[in-house]
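Participant: Sequence:
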Amino acid sequence: MSAKICRKCNTKIHKDYLHCKKCYDSLIDKYHKDKEVYKSNLKIWNSLSIDEQKTHHQKAEKQQLQYFAVVAVLISIAVSVFSFYNSSSLTAVIISILSILIITAAVKNYIIVGRIARVITFTAVYFFVIMVVSSLFLNGLKTEGVIINEKMIYGMEALISVVFSTLQEIGGGFHASAAPAAPKKPKR
15 MSAKICRKCN TKIHKDYLHC KKCYDSLIDK YHKDKEVYKS NLKIWNSLSI
65 DEQKTHHQKA EKQQLQYFAV VAVLISIAVS VFSFYNSSSL TAVIISILSI
115 LIITAAVKNY IIVGRIARVI TFTAVYFFVI MVVSSLFLNG LKTEGVIINE
165 KMIYGMEALI SVVFSTLQEI GGGFHASAAP AAPKKPKR
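According to the working numbering, the sequence shown is numbered sequentially starting from 15.
Calculated from the structure, these hints are not laboratory results. Treat the hints with care, as some may be off.
Below, computed lysine-lysine pairings styled on BS3-like, alpha-carbon distance capped at 27 Å [claimed, not checked]:
1) K199 with K57
2) K47 with K201
3) K22 with K47
4) K49 with K201
5) K198 with K26
6) K18 with K198
7) K199 with K36
8) K47 with K35
9) K44 with K57
10) K49 with K36
11) K198 with K29
12) K44 with K22
13) K73 with K198
14) K73 with K53
15) K122 with K73
16) K201 with K36
17) K35 with K18
18) K44 with K198
19) K29 with K199
20) K76 with K47
21) K57 with K47
22) K122 with K76
23) K198 with K49
24) K198 with K47
25) K26 with K199
26) K35 with K22
27) K29 with K201
Build the full structure now, drawing on both the sequences and the hints.
Facilitator: Okay, structure coming up:
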């Protein structure tokens with residue numbers, strides 16, 4: 015039997031466990047308390063009218079879009095500053111103008127900037143996942159002598175990622191929810 019260390023207290027534990035008995039019991043106690051709070055919040059949520067729930071969802075969505083817009087602004091400022099130190103003057107000026115346009119757009123209409131930033135973020139995540147999965151598959155084909163156009167493959171992966179992210183955004187798949195979330199039971 016090989017030993018492992020508890021994630022909370024560094025006690026040696028069985029290799030199949032994540033926590034020692036004492037830490038796991040405290041996590042389970044916290045889980046049960048959180049579950050009671052969740053049930054209470056869910057009763058309150060379910061007692062709200064559909065219009066009240068919709069209002070709370072809209073507030074949550076606006077707040078999430080504000081966060082994405084702020085991140086887009088901060089990234090554009092960082093890229094602008096970085097470009098002044100590492101690019102030609104013309105490139106730095108063009109990037110700064112684009113950064114100012116992003117900031118202006120974010121101030122005037124954070125919803126559009128936030129949605130675009132959210133689509134870009136999820137596109138990057140999807141592209142990474144698709145690229146990892148396809149590279150595992152393609153490595154198997156390369157060993158069998160199959161000729162592969164990697165640029166075309168990456169282009170298709172990027173296109174799939176953009177299309178999927180855009181469809182998810184349009185369909186509401188990324189939208190924030192104000193409904194209470196159930197706690198997750200800790201693993202032993």
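Participant: Starting from K122, check that the Cα of K73 is at most 27 Å away, please.
Facilitator: Between K122 and K73 the Cα gap is close to 18 Å, so the pair holds against 27 Å.
Participant: Please work out if K73 and K53 have their alpha carbons no farther apart than 27 Å.
Facilitator: Distance ~22 Å between K73 and K53 Cα, so the pair holds.
Participant: Under the criterion that the straight-line Cα-Cα distance not exceed 27 Å, is the pair K44, K57 satisfied?
Facilitator: 20 Å, holds
Participant: Does K22 pair with K47 here, judged by a C-alpha cut-off of 27 Å?
Facilitator: Satisfied, since the Cα-Cα distance of roughly 19 Å is no more than 27 Å.
Participant: Given the proposed pairing of K44 with K22, does the C-alpha separation stay at or below 27 Å?
Facilitator: At roughly 14 Å apart (the allowed maximum being 27 Å), K22 and K44 satisfy the hint.
Participant: Can you confirm whether the C-alpha distance between K49 and K201 stays at or below 27 Å?
Facilitator: 15 Å, holds
Participant: Would you mind confirming whether the straight-line C-alpha gap from K35 to K22 stays at or under 27 Å?
Facilitator: 11 Å, holds
Participant: Taken at face value, is the distance from the CA of K29 to the CA of K198 at most 27 Å?
Facilitator: The given pair, whose Cα atoms are some 22 Å apart, holds under the 27 Å limit.
Participant: Hinted pair, alpha-carbon criterion (27 Å max): K18, K198. Please report holds or violated.
Facilitator: 23 Å, holds
Participant: Under the criterion that the straight-line Cα-Cα distance not exceed 27 Å, is the pair K47, K35 satisfied?
Facilitator: Given pair K47, K35 holds - Cα atoms ~18 Å apart, limit 27 Å.
Participant: Going straight from one Cα to the other, do K29 and K199 come out at no more than 27 Å?
Facilitator: At roughly 20 Å apart (the allowed maximum being 27 Å), K199 and K29 satisfy the hint.
Participant: Would the hint linking K198 and K47 be met if the CA-CA limit is 27 Å?
Facilitator: Given that 27 Å is the threshold and the Cα spacing comes to 12 Å, the pair holds.
When the structure is compared with the earlier hints, a violation turns up for hint 20 alone.
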